[in-house]
Structures are given as structure tokens and as C-alpha cells.
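Based on the provided sequences and hints, a complete structural model is requested.
Here this note's numbering is used: the first residue of the sequence shown is 9, the next is one more, and so on.
Hints listed in this document are in silico derivations from the structure and should not be mistaken for laboratory results. Note that the coordinates shown come from a computational prediction; the quantities given were computed from them, not determined experimentally. Any given hint might turn out to be false.
[Claimed, not checked] Taking CB as the label site, the calculated pair distances span:
#: 1; residue 1: Trp27; residue 2: Val91; range: 13 to 21 Å
#: 2; residue 1: Ile54; residue 2: Ser153; range: 32 to 40 Å
#: 3; residue 1: Ile132; residue 2: Gly67; range: 31 to 39 Å
#: 4; residue 1: Glu120; residue 2: Leu93; range: 31 to 39 Å
Where is the CB? At the ideal position from N, CA and C, for every residue including glycine.
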Amino acid sequence: MSVAFRESARGRVPPASFWTPGELIAWVAAVILTLSAFMGWYSGMIEGLDLSATGWQTGLLGKFVFFVGLAVLILLALRATGVDLPPQVPVGIVIAGLGALGTIFVLVRLLEIPDDYTELGRAIGIWISLVAALLLIVAGLLKASEEL
9 MSVAFRESAR GRVPPASFWT PGELIAWVAA VILTLSAFMG WYSGMIEGLD LSATGWQTGL
69 LGKFVFFVGL AVLILLALRA TGVDLPPQVP VGIVIAGLGA LGTIFVLVRL LEIPDDYTEL
129 GRAIGIWISL VAALLLIVAG LLKASEEL
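Written as C-alpha cells, this is what we have:
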């Protein structure tokens with residue numbers, strides 16, 4: 009099986025693919041990060057009621073986590089359709105940067121529970137968000153090494 013190379017400002021590069029390790033991990037991590045904004049980040053029992061708060065309900069940072077994941081998905085989808093970033097902007101570094109931004113947002117929510125949810129404990133969704141954001145950093149660094 010031969011791989012068709014395309015010309016870009018960087019020279020001959022292989023076409024964007026789901027099957028390189030960096031892009032595959034980035035796709036999976038971005039989908040998980042995007043969806044994790046709607047998972048339970050805080051949960052607990054108050055006065056006999058099981059309560060849960062999703063990332064989206066926790067304020068701007070929860071929404072930013074969603075949009076970071078969505079931005080990576082859009083970037084990867086554009087790349088898969090043949091739209092490239094300028095040669096000065098490596099895709100892998102952009103993905104790693106967005107992953108770092110997502111990690112910071114999740115860590116802030118992990119360490120500082122919003123006032124409305126102080127009686128609730130951390131739920132599995134916030135941990136999934138943290139792992140997905142960290143995976144985006146790894147994927148971005150892998151992708152950057154593939155581009156070299």
C-alpha cells in the first residue's frame with residue numbers, strides 16, 4: 009500500500025490520517041474531553057437526595073473545557089479534510105497547548121469547588137476530564153514529533 013504525499017509549504021507531507029498515534033490519541037482525547045463537560049463533576053447526598061453537578065453547570069471553566077475539546081475536534085476535522093495551518097504553526101504544538109489549557113481549567117475546578125457545590129464531593133467526570141486533557145498534551149507532543 010502506498011501513501012500519497014501532498015505538497016505544502018513544509019514540503020512533502022503525508023496526508024492527515026486517523027491512524028498516526030498522535031492524531032488517533034488526539035481524536036479520542038478531544039471527544040472524551042468535549043463530552044466530559046456534560047458528565048458529573050461533583051456529586052453527593054444532601055438531605056437524603058442524590059445530587060450531581062455536571063462540568064457545564066460549574067460556571068465558565070466547565071464551559072471552557074467543552075470549547076477546548078471542541079476546538080481540537082474542529083482543528084483535527086479541518087486537517088482531515090485537507091485544510092492546513094500556516095507552516096509556522098505546528099499542529100502538534102497547538103493540540104498540546106490546548107491540552108495544557110484544558111488541564112489548567114480542570115485543575116482549577118478540581119482544587120477549588122464552586123460555592124454552590126461545597127457540600128458535594130468530586131465525581132468521576134472531573135477525573136475523566138483531567139485524564140482527557142492530559143492525553144491531549146501527550147497527543148500533541150506525539151504529533152509534533154511526527155511532524156519533524
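Hint by hint, here is what the structure shows:
1. Trp27 <-> Val91: 13 to 21 Å: At roughly 19 Å between Cβ atoms, Val91 and Trp27 fall inside 13 to 21 Å, so the hint holds.
2. Ile54 <-> Ser153: 32 to 40 Å: Once the Cβ atoms are compared, 48 Å apart, the range 32 to 40 Å for Ser153 and Ile54 is violated.
3. Ile132 <-> Gly67: 31 to 39 Å: Check failed, 20 Å falls outside 31 to 39 Å.
4. Glu120 <-> Leu93: 31 to 39 Å: Holds, since Glu120 and Leu93 (Cβ atoms, about 34 Å apart) stay within the stated range.
In this structure, the hints that do not hold are numbers 2 and 3, in rising order.
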